[in-house]
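Asker: Given chain A, put chain B in place with the hints provided.
Given next are the chains, with one letter for each unit.
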Amino acid sequence: MELTANITGNILICRVKGELDHHTAEEFRTFVDYNMENNPVKHLLLDLTHLSFMDSSGIGALIGRYKKVSSTGGRVMVVNENKQVSRVFEVSGIYEIIKSYSSISKAINDI
Amino acid sequence: MNAKNYMVLIIPSKSQNEAFARVATAAFAAQLDPTIEELADIKTAVSEAVTNSIIHGYEDSEGEITIKCRMDEYGVEIEIRDEGKGIQDVEQARQPLYTSKPELERSGMGFTVMETFMDEVEVYSEKEKGTVILMRKKFASLAKEQGVSGNEG
Numbered sequence: 000m001e002l003t004a005n006i007t008g009n010i011l012i013c014r015v016k017g018e019l020d021h022h023t024a025e026e027f028r029t030f031v032d033y034n035m036e037n038n039p040v041k042h043l044l045l046d047l048t049h050l051s052f053m054d055s056s057g058i059g060a061l062i063g064r065y066k067k068v069s070s071t072g073g074r075v076m077v078v079n080e081n082k083q084v085s086r087v088f089e090v091s092g093i094y095e096i097i098k099s100y101s102s103i104s105k106a107i108n109d110i
Numbered sequence: 000m001n002a003k004n005y006m007v008l009i010i011p012s013k014s015q016n017e018a019f020a021r022v023a024t025a026a027f028a029a030q031l032d033p034t035i036e037e038l039a040d041i042k043t044a045v046s047e048a049v050t051n052s053i054i055h056g057y058e059d060s061e062g063e064i065t066i067k068c069r070m071d072e073y074g075v076e077i078e079i080r081d082e083g084k085g086i087q088d089v090e091q092a093r094q095p096l097y098t099s100k101p102e103l104e105r106s107g108m109g110f111t112v113m114e115t116f117m118d119e120v121e122v123y124s125e126k127e128k129g130t131v132i133l134m135r136k137k138f139a140s141l142a143k144e145q146g147v148s149g150n151e152g
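From first to last, the protein sequence lines stand for chains A and B. Heads up, the first sequence is in numbering that gives the first Met the number 0, so the first residue is 0 and it goes up one at a time. Heads up, the second sequence is in numbering that gives the first Met the number 0, so the first residue is 0 and it goes up one at a time.
Note that these hints are calculated values from the structure, not bench results. In this text, a Cβ means the ideal position worked out from N, Cα and C, and glycines have one as well. Take every hint as true, because none was put in to throw you off.
Now the in silico label distances, taken between C-beta atoms and shown as ranges: (1) Glu125(B) with Ser102(A): 45 to 53 Å; (2) Glu144(B) with Met0(A): 34 to 42 Å; (3) Pro39(A) with Leu96(B): 33 to 41 Å; (4) Lys41(A) with Glu72(B): 54 to 62 Å; (5) Ile6(A) with Pro11(B): 38 to 46 Å; (6) Ala142(B) with Asn9(A): 47 to 55 Å.
One chain only, chain A, in its complex shape (with noise of 0.2 Å):
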């Protein structure tokens, strides 16, 4: 797993590559909450165009990150998310919570 950050305005952007799964999901957790701790951010915007496979422990960290993410009053996004992918946040409702755009500027632009 391949993960970069930057930030725009209040928002980090992430960028998730490779696969999250149980065996990634910490990594995943650790890079994305430290950076939303020590950054001037309040918004998490994970762009998933290189994310090739996720399964349930991931639909697991990414509702962590909303929950810690929401208790601030910040947003959680995805964009660019692929079929597999897509197929299991809408198995487990995630798209309830975090909506997903199909360009990083339509998502920040939605804020």
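Answerer: Frame of chain A, contents of chain B only:
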């Protein structure tokens, strides 16, 4: 031709084997010419079952997980077996959002994902003996070969 083909994979319950287990099973199933979606479904379901064995079956200890995949005339049958502590209440475990480990940020959606992505999921578990998850997936390409669709007589 493929009816008797099968594979058996035995792995220690290490989390880095989750990716290997799902990719190896999908590579075996790929011989039957499934769609990309069908292969992705198998990868996801195997990932869920193997993760369950690692987190819940063996918890902090280490044991072996056996993955068997058999081809039949309709698709594949996948068996994932551990000799861990077993599931106390299988019906409860299969409920969406149920997790015995909320502190670990588990979503409780593992069985729901397996049931959604596979055609059949059976769970056999005995306390302190282990768990067996048996899943079946039919492939559209084989349904056509078998004439199940009715188009080819």
